[in-house]
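Sequence lines, in order, name chains B and S. For the first sequence, the positions run 1222 to 1537 when our numbering is used. For the second sequence, the positions run 1222 to 1537 when our numbering is used.
These are computed hints drawn from the structure, not numbers from a lab. The reader is advised that the hints may include incorrect statements.
The list treats identical chains as one, so a pair stands whether inside a single copy or across any two.
Said to hold, decoys possible - When the alpha-carbon atoms are kept at most 25 angstroms apart in a straight line, the in silico SDA-like pairs for lysine to any residue are as follows:
1. Lys-1281 - Val-1234
2. Lys-1383 - Pro-1268
3. Lys-1383 - Tyr-1477
4. Lys-1383 - Asp-1475
5. Lys-1281 - Asn-1446
6. Lys-1383 - Pro-1358
7. Lys-1281 - Asn-1269
8. Lys-1438 - Glu-1494
9. Lys-1383 - Gln-1295
10. Lys-1281 - Ala-1520
11. Lys-1383 - Arg-1453
Since the structure is predicted, the reported quantities are computational estimates derived from the model, not experimental observations.
2 protein chains.
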Amino acid sequence: MPARQHLLDASIVHYEWNNAIPPRLEIDPGDTVVFETRDASDEFYNPNSTHDDVMRRVFKGHPLTGPVRIRGAQPGDVLAVEIIDIAPRASFGWTNVRPGRGLLPESEFSKPFLQIWDVTDGRYARGLRTMRNIAVPLAPFPGVMGVALDDAGSHNTAPPRKNGGNMDIKQLTAGTTVYLPVWVEGALFSIGDAHGAQGDGEVCITAVEMNARITAKFELLPARNLSEPQLRMRGAPARGIDGPHYATTGHGPDLYQCARQAVRHMIEHLVRERGLTREEAYILCSVAVDLKVSEIVDAPNWIVSAFLPEMVFQGK
Amino acid sequence: MPARQHLLDASIVHYEWNNAIPPRLEIDPGDTVVFETRDASDEFYNPNSTHDDVMRRVFKGHPLTGPVRIRGAQPGDVLAVEIIDIAPRASFGWTNVRPGRGLLPESEFSKPFLQIWDVTDGRYARGLRTMRNIAVPLAPFPGVMGVALDDAGSHNTAPPRKNGGNMDIKQLTAGTTVYLPVWVEGALFSIGDAHGAQGDGEVCITAVEMNARITAKFELLPARNLSEPQLRMRGAPARGIDGPHYATTGHGPDLYQCARQAVRHMIEHLVRERGLTREEAYILCSVAVDLKVSEIVDAPNWIVSAFLPEMVFQGK
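If we strip away everything but chain B, and leave its shape as in the complex, we get:
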């Protein structure tokens, strides 16, 4: 049977991982599916939304398009999902700071902040109203991709797990294949939470969030028995990101605290050297700054580094 292409629109979504959710679509290995996905706010925000709207938003789980049942998929197999294409399905994206969520505590960020981005040219997320001199290169990917778990019942979509889920791995752009372990018969794949741009770590817990259209091709690798997701990129990470980079570091015995410290230093740097507000700086870290584990073997201190591509200030 020749490979087919299917379409799943965003008219129906689910907000949990639950292996009892009936599949919306059944496909064969080799098939391609075009998914329309809703942004993480479930279309709560619009381009005129304000900072005050942040606290009005209720998060009931990422809206996911699916599930797709893959014929023949069995526990122990691996589902290879190649991202063929991903593009905004909206004129705007958004990023918000919500006190008490994200890497830095409420004591440091007590005010809600909403950033709206213009993504209409398909190349950059450009600040609207605020951060107007900043243009973050778009490198869209699905924040959430996964298969059903083998534990019955409802599992919230926030944490990543052995089924993939909310991995927020920014390298899952077009041209990348993710290898997901299959936990239930038929795999039951769902996808959503598209990010137009994100730094490694997504520190304020939101990226350039947007509605999207994602084309993915499915293959089945029998009996591969992966225990956690893996991926292969066709090209190098951070293609298209060039020019000078500025980096801060945080050292200490705990990687989480190192990351916090590196991000704090980057925020201070952006406020002092680039004139951003603290909230804008935190948001820029989330959408463009990459956290790297620089040092993890020379006890008692490790280092996490935060790398900022300065091309975001070129206002392209």
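Here the structure of chain B is known, so what remains is to put chain S in place on it, guided by the hints.
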């Protein structure tokens, strides 16, 4: 006074951070220094060294070339050190697995292993005797760079600290400037532990270790009051690294354990798909695989990813 260029050879080194060590050289801001540095084994290894030699090596601290006193440097200033050039000062580099050291425990790596690399062409570290089909692109940088601490007495060189030190930040290649906070009058800068190539994280605790010649230019930024090192790269990280990448992931509530898990998966992958021994795979992770913090905000699970540039298998 015009800027001058100085030379510090590797005939005298020191093996600790101690602000009582008298400076070997005094320079002005704007001056350049060519440092000859010894490898982390203090020239214990040679190209004919064997696995058995690993346990005979005694580590008494990284041999550091310096200190250099910078006239006018005061606590609260920042010493900007631009790496102008760095090149091997030897025909070979080495990487070793020493049981009980590095990211993975002795229970998983109980045998010592020594990898010798040919670095004579200046472009790649090519496996000698073992890993002969592997060529890791050279991107040399100093593993250790720092200034004296304001605490009196001897401090071992292994952990990175607020003075820099053993940062192992692989992006400190030629063209990068590191900003080091000054803690004592004159700064007292030292450098060593050159790495020909390294992955973010240097997971087996050694990189492509080699003797080197490093040219660095010094500037003083008065009263900047950084609390930890920062850096600026002229270009993008990982320049020259292209083509397909394979990545593994580790998820869970602790970033350190996530990193261990991602590295274990990468080792399994390299053994199964590329036919390396476990020790070779661990070494390849240390010299070429980058650890990224992919997810750090969606409790209870974070993700650390390990990215391998597959160009190392092209045998260039």
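Report task. Quick one: which hint numbers does this structure break? Sort them smallest to largest. Result -> 2, 5 and 6
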